[in-house]
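Peer 1: Sequence lines, in order, name chains A and B. The first sequence runs contiguously to residue 336 in our numbering. The second sequence runs contiguously to residue 328 in our numbering.
If you are wondering where the hints come from, they were derived from the structure by calculation, not from laboratory data. Beta carbons: idealized from backbone N, C-alpha and C, even for Gly. One thing to keep in mind: the hints can contain errors.
Listing some non-contacts, in silico: residues in chain A with all C-beta distances to chain B over 12 Å [said to hold, decoys possible]:
| no. | residue |
| --- | --- |
| 1 | S74 |
| 2 | L77 |
| 3 | T161 |
| 4 | R246 |
| 5 | A268 |
| 6 | L274 |
| 7 | S316 |
Pairwise CB distance ranges (calculated) [as the list claims (entries may be wrong)]:
| no. | chain 1 | residue 1 | chain 2 | residue 2 | range |
| --- | --- | --- | --- | --- | --- |
| 8 | B | L60 | A | W47 | 25 to 31 Å |
| 9 | B | Y80 | A | T260 | 42 to 48 Å |
| 10 | A | G61 | B | Y80 | 40 to 46 Å |
| 11 | A | W320 | B | Q198 | 16 to 22 Å |
| 12 | B | G166 | A | G270 | 35 to 41 Å |
Residues from chain A that face chain B, not an exhaustive set, calculated with beta carbons under 8 Å [said to hold, decoys possible]:
| no. | residue |
| --- | --- |
| 13 | V14 |
| 14 | D17 |
| 15 | L24 |
| 16 | I104 |
| 17 | L135 |
| 18 | L149 |
| 19 | L151 |
| 20 | L154 |
| 21 | H158 |
| 22 | L159 |
| 23 | A282 |
| 24 | N288 |
| 25 | L308 |
| 26 | I318 |
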Amino acid sequence: MDETEIADAAEPRVDQDRRAELLLGALVCTLVLVLLAMLAFVLHEAWPSFSHNGLGWFGTGGSVDDQIQSIFTSGDLHTTPQWLFHAWPLLWSTILTTFGAVLIAFVCALFISVFVVEFAPDPLRRVLEPVVRLLASVPSVIYGLVAVLVLVPLIGNHLITQHEKASVTPVISLTGYSLLAAVLVLTVMIAPIMIAIFCEGLRSVPRGWIEGSLALGVNRWRTFWKVAVRTARPAMVAGTVLAVARALGESVMLSMVSGTVGFSPNPADGLIFLFEPSRGLAATILQNTDELSSPPMKHTLYAIAAVLLFSAMMLSLIGWAAKQPMKRYFYAGANG
Amino acid sequence: MSTASVLAPKPPPPAATPRKPRRRETTSTWRLTDRIGLAFAWLLGLLFCAIAASIVIYLLIQGLRYVRPSLLVTHPTVGYTENQTGGFLDPMIGTLLVALIAMAIAMPVGIATAVWLSEYGRPSALARVAESTVEMLAGTPSIVLALFGTLIFEAPALGFLSQTTGGVVYGRSFFAAGALLSLIALPLVVATVREGLQSIPGHVREASYAVGKTKIATTRRVLLPAVRPSVITGAMLGVGRVIGDTAIIVVLLGSTLNLEGVGSVPLLGTLRGTGSTLTSYIFYNAPTGDGNQPDKAYAAAFVLLMLVLVLNVVVDVFARRAKKLRWG
């Protein structure tokens, strides 16, 4: 056969292949650029609020709700824009709800996933696995609805005593929209995500490792705890990172359950601390989106969004860094 | 690796591990801490079952109490009592429209990204950047995406996608909401399709190259048909996320209960206009919302939960089919 003929026939195909690769590559580049543009836009819009407040943005001082109100009304054409904003109560609320929920959910998810993978009787396991996945995919607004109609009245009417309500009346009214409700519902929301990922990690631990330990006479619990749970640590980190991201960004459920006051619950108050309302960063954005028309308000809301975005990015970075030293065992196991 | 192969020269599949000897094992010889640990695991496991069952059963009971067939076919209206406020036909259509738009964007982009990441991935620096971009997207709070959306769609150049009054672009429409929701579905689609592609062994590709197929032809004719169950799983997971999201809908779809079209072109006008979805309807009708009709909210939540349940079953079926596909 003539060589040039082959080359001729092959030429358009190779060309087509290269074109396809370039096209796909361009699409991926566009996606990356869109994300970078989002980052740039959000930071650009957020800058005025940060530059006017400096580090005080993250500090305490005054009532955050009054500040938001005056920022919003100053968006009028004839007034000078107000920028004073101290976001600590919102930050504190987000920190408390996120850490509280993730802490409880992590402990529960760890034990529940061990139970599901190793100790649950077969019929129970067959029911539990789909239920975990269903609970992980229930929309947050449904959790919010159930919490508002069941949990919040329960806390407001039965857990908080009249005496406790009276003791803080001058400062804040306790109605059941509380930190406790927010943390509990958030826990129920993120635990299934963690359980699903933990179970996957535990299941991919090589059976031989576990059987090796059992053969040495180590009991089942200790074997699972010391061998399987340790090997599955990268999955634990991945699941926790995902759950923290979900908790940080949760706006709808929290805006329904945790209350609408920019108040920072004070642990020094004792048990009442758990019943105090608060409002997180994401919920603040959601509740004030109607006020985007006022320029200073818009910049302030973008500043809150920038803080959320930055934390989410740091979170995935931390997750990635934490996984690196543990990966060795996981992949060695997966291949063996 | 070596331990495993020494202990089990022919490792049986995990399901077939003999369980009989374990039943005879008693915990009485265990250390106290181990017994406490086991008891704690059982306790939390059963507690989880109880919580899950109570949530699901409670929602089913409340839903069945309030859901009426007539609610599904009547338009919502503003009113003060349960009788005046109508049904939720418009939110249901809204959910469908939003899901369609979001998936119409997320599916092609997601599959293309997954194919590029798994089959091409050159230069590798770009691949790493793209990978972490998708991962970052998965962790981005949806309320931040929503704010970003208002910024984009209020740009005058994109005015044709929403309502424009006196030169001011409103920036809230089904297009805007759908476009931003596609970013939420994207990471799920990419991850699922990529996993499917990576589970196809290299010799399948090599066989295709050997008969003279190019890389892109192999991808289109061999690989993508083979990962169809993964594609469907990814799509369903994406739809589940999209119909469950509230923040983007509340911010980017405007706050009208009914579908309010813009312009005279029938479908395009609706898509350029505002409306609501089941999630924003629930948010609006919850005691904390403006509508405050909890019965309607329960009924809508029931319908939404059923949708999620159906999606979950579909995902289950196709995920099992994807796993069954074994390459010798």
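Peer 1: Hint by hint, say whether it matches the structure.
Peer 2: Hint by hint, here is what the structure shows:
The non-interface label for S74(A) is consistent with chain B: the shortest C-beta to C-beta separation is roughly 20 Å, beyond 12 Å. Residue-level check passed: L77(A) sits 15 Å from the nearest beta carbon of chain B, beyond 12 Å. A cut-off of 12 Å between C-beta atoms confirms that T161(A) is not in contact with chain B; the least separation is 23 Å. Not every C-beta of chain B lies more than 12 Å from that of R246(A), the closest at about 9 Å, which undercuts listing it as non-interface.
Every Cβ of chain B is farther than 12 Å from the Cβ of A268(A); the closest lies at roughly 29 Å, confirming the non-interface assignment. The beta carbon of L274(A) is kept farther than 12 Å from every beta carbon of chain B, the shortest such distance being approximately 19 Å. Listed as a non-interface residue, S316(A) fails to keep its Cβ farther than 12 Å from every Cβ of chain B; the least gap is roughly 5 Å. For the pair L60(B) and W47(A), the beta carbons lie near 49 Å from each other, so the given range of 25 to 31 Å is not met.
At about 22 Å, the CB distance of Y80(B) to T260(A) disagrees with the hint of 42 to 48 Å. Taken as a hint, the range 40 to 46 Å holds for the pair G61(A) and Y80(B), whose Cβ atoms sit roughly 42 Å apart. Checked against the hint of 16 to 22 Å, the pair W320(A) and Q198(B) passes, with Cβ atoms roughly 19 Å apart. Look at G166(B) against G270(A): about 56 Å separates their beta carbons, and that is not inside 35 to 41 Å.
Contact between V14(A) and chain B, as hinted, is supported at the beta carbon level, the nearest pair being about 7 Å apart and thus within 8 Å. Hint status for D17(A): holds, given a least beta-carbon distance of 4 Å to chain B, under 8 Å. Annotation: interface hint on L24(A) holds; nearest CB of chain B at approximately 4 Å, less than 8 Å. A distance limit of 8 Å between C-beta atoms decides the matter here; for I104(A) the minimum to chain B is near 11 Å, and the interface restraint is violated.
Interface hint at L135(A): satisfied, since its Cβ lies 6 Å from the closest Cβ of chain B, which is below the 8 Å cut-off. The restraint placing L149(A) at the interface with chain B holds, with a minimum CB-CB distance near 6 Å, inside the 8 Å limit. Taken as an interface hint, L151(A) does not check out: its beta carbon lies about 11 Å from the nearest beta carbon of chain B, beyond 8 Å. The restraint placing L154(A) at the interface with chain B is violated, with a minimum CB-CB distance near 13 Å, outside the 8 Å limit.
Residue-level restraint check for H158(A) is violated (minimum Cβ-Cβ distance to chain B is 17 Å; threshold 8 Å). With its C-beta approaching chain B no nearer than about 18 Å, L159(A) sits outside the 8 Å limit, and its interface hint is violated. Satisfaction of the interface hint for A282(A) is found here, the shortest Cβ-Cβ separation to chain B being roughly 5 Å, below the 8 Å cut-off. The criterion of a C-beta within 8 Å of any C-beta in chain B is not met by N288(A), whose closest approach is roughly 10 Å, and the hint is violated.
Hint status for L308(A) relative to chain B: holds, with the closest Cβ pair at about 5 Å, below 8 Å. The restraint placing I318(A) at the interface with chain B is violated, with a minimum CB-CB distance near 11 Å, outside the 8 Å limit.
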